[in-house]
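Spelled out, the chains give:
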Amino acid sequence: MTILQSLVGYYERLEGEGAVPPVGYSSEKISFALVLAASGDVEDVIDLRAQGTKRPEPKVLVVPASFKRPGTASNPFFLWDKTSYVLGVVDAAKKTSAKDPLQDHRAFVEWHLEMLSEADDEGLQALLAFLRRWDPARYPELRHADEMLDQNVVFMFRSGGAPGFLHDRPAARRIWANRVASSNGEQGICLVTGETGPVARLHPAIKGVPGAQTSGASFVSFNLDAFTSYGKEQGANAPVSERAAHAYATALNTLLSKTRGIDAKGRPHYANRVQIGDATTVFWAEAEEDAGAAERMMSWALDPSPTSEDEEALIRTVLQKIEVGRPFADPDELGRTLDPETRFYILGLSPNAARLSVRFYLQTTLGDLARRLGEHYRDLRIEPHAWTLPPALWRLLRETAAQGELDNVSPVLSGELARAIVTGRRYPRSLLSLTLIRIRADGEINDVRAAIVRACLARDYRQGFEQEDVPVSLDPGETNPGYRLGRLFAILEKAQRAALGDVNAGIRDKYFSSASANPARVFPLLLRGAQDHLGKIRSSGKGGLAHWFDQAIGEAMAGLPAGKPFPATLSMADQGRFVVGYYHQRSARTATGESDDATATLTDEA
Amino acid sequence: MSYGVALHVWGERACFTRPEMKVERVSYDVMTPSAARGILEAIHWKPAIRWVVDRIHVLKPVRFESIRRNEVGHRISEVSVARAMKARSTEGLALAVEDDRQQRAATVLKDVAYVIEAHFEMVPGRIGPEDSEGKHLDMFRRRATKGQCFHRPCLGVREFAADFALVEGDLPSPHPTLLEDPWRDRDLGLMLLDIDFANGRRPKFFRAHLRNGVVSVPRLDAPEVRG
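Line order of the protein sequences matches chains A and B. Be aware that the first sequence starts at 1, since it is given in the UniProt record's numbering, and climbs by one per residue. Be aware that the second sequence starts at 1, since it is given in the UniProt record's numbering, and climbs by one per residue.
In short, the hints are calculated from the structure, not lab data. Computed from a prediction, not measured in an experiment: that's the story for all the values here. Just so you know, even glycine gets a beta-carbon here, dropped at the ideal spot from N, CA and C. There's no promise every hint is true.
[Unchecked claim] Quick list of in silico lysine-lysine cross-link-like pairs, DSSO-like style, CA-CA up to 30 Å: (1) A:258 - A:68; (2) A:321 - A:29; (3) A:536 - A:510; (4) A:232 - B:146; (5) A:321 - A:232; (6) A:258 - A:232; (7) A:59 - A:232; (8) B:204 - A:232; (9) A:99 - A:54; (10) A:99 - A:29; (11) A:232 - B:22; (12) B:204 - B:86; (13) B:86 - A:232; (14) A:68 - B:22; (15) B:135 - B:60.
[Claimed, not checked] Covered, in the sense of this in silico footprint (three residues per stretch, anywhere, with C-beta under 8 Å from a C-beta of chain B), are these stretches of chain A: (16) 1-13; (17) 109-117; (18) 190-204; (19) 225-238; (20) 359-373; (21) 411-422.
Modelling step: build the complete structure from the supplied sequences, incorporating the hints.
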């Protein structure tokens, strides 16, 4: 199914649950409500925002749909808008354009007078009265005047009992429904549904993708003429019916918003969304029942970030089941049986100014996905490791980026990695090379980096692209020269530390990258240096330790060709094995009983 | 069909752009009939014939990859070209790439191969005394065998050149991993069939199904074609 088709399908599921606004309406963040008296006076201003968090969060209300307002023309929304439209006030500090400050308000008034000209509902009458008598100069008299500036405002009206929203009144809904029905565009075929109907000229905005414009970006748009074809304009380049456009946009906006999920502490959180590199990734399931449970599992698998200890234990059990490839035979920990045939969609979006681009779009089933994730976790396995839950995608990506900043992650890599994990194909080639580059650049070899390197090699071996496997934990019998030399390097480093203690620039800082790339140039030098270190250890009275190092060096070198032990160069894959061998040997206990320091510090970090 | 042909085409990458995802491009899963027609026309076309694509065989698993490219945001308008022609000067006709760059992401297909089965029809009113079906069929075969083309055929976009070979006898067999792939049978959704150039350049869509690795293409005037 195409992206839009499956989003429309998801909308229909939400529609069945009554969870999404109908055609002509959208969910908007509203901060304040003006309570009108029948006379048209403002009786009160109600703060609708949820308090308690650092910044009060606006309430999400279903109101007559918003639309994009390009340019400087004033286009009011129906029965709600921001204060410049509703009350004619703008934040003087933020005002930049030379636009008449009252232009928006006048448009709001004129349009509503026209729309409501025949309304006999008392609430709408009150609004008409308000619009006729309101004077923007009286704005400071309103309660919450300061906080209300530039926020979205709705109207309320009291007709006996508690005040109700004006836009919920049947009369208002009737007027709006007529308006929506009459604004039909050109007829055409809808390439989502295949039905003939009014074609959307401009598609609704998609909000909530970090990095895109806050007013929303377009998923389907033709904002420059180089993007159009065959003399078509705007939406006619890709005919989509207004209904389907509303449906996919609402579905996508819902997936991107926090409204769907409640975490362990009762706070709203993103239930269907994770960040993978620069791609904001949403996912949804298609199932008769319990699609939500399947989605929750997916969210754990993509980003295991538990909010409580109980949840962590639960996630661990689920992921361990996935890892051993036994995911859905039994009812899951939530007491439900998940159907492995449940269809799953994963859509990675990344912002490009006013547009959104599809980074990846993957379709799979829950069973398949679990199998692939299991493979991924098994490929990543390395001993010793410092994690209790398998590392999330973003943690892998962070290791490939300069300064460990997620902003520096290659945008193409993140999508390709997600694709490789979900489809079970080879990891992107750049994953191995970028990780090696980072290791060379900052000399840090932690468990995640070692795991990435091992995963690349192990998967390539499993799929026949590599001749040799790579061990999970220290394997003294492994004879690959890269692995052996990595081990040897770790031993030489330990010998240096035993002799000299912590030095400013140890052999790892100085020689790691050249040793892993061009062993023949570096190792003879290092071995000579090691003799000095061993001599120093002996002279300090630790002959046994020196002897142990001697043996360890001999043992590591035993597998190398006798005459010419050090190859001139190592291939990329063997450089990877060098890293794995180094990691394994470094973490192994030495004669002094000293275990590796780096692993210990990493555990603290995690 | 006596004048049917089969052409094996393949390439490293392909992008058969979906209309709704054509700005930040996303490819259809398989080659579209209009892209297939474009390849055939690149090899041999004359006003007297019209190519009709019958079937498209998918020979390799569908794999995607994403890339980014720099492109320009505008085109030079028809009006300014007309003005330049009138003024006999190209002044003001330039488009400076540096000032008008647009970085666009594309999700494209990787390592593709297809067999296009097609035939051509003679176009009434454009047939000259020298035109005959046999002649055009022979010309196409000869040209395809020798690798001749009017312009380099491509897989959806110009950057992704298509290699081609005339198929004589048995069709090339699909990649072995495809044979047990459940992907061989599936609904591909609505796909662009072609543009109806005679009627306001209207896009025509059809419901594409992959059956045993083959997409059967309806005729432009078939009842199931929409648009």
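_Contradicted hints - numbers only_ = Checked against the structure, the hints that fail are numbers 2, 4, 5, 6, 7, 9, 12, 15 and 17, while the rest are satisfied.
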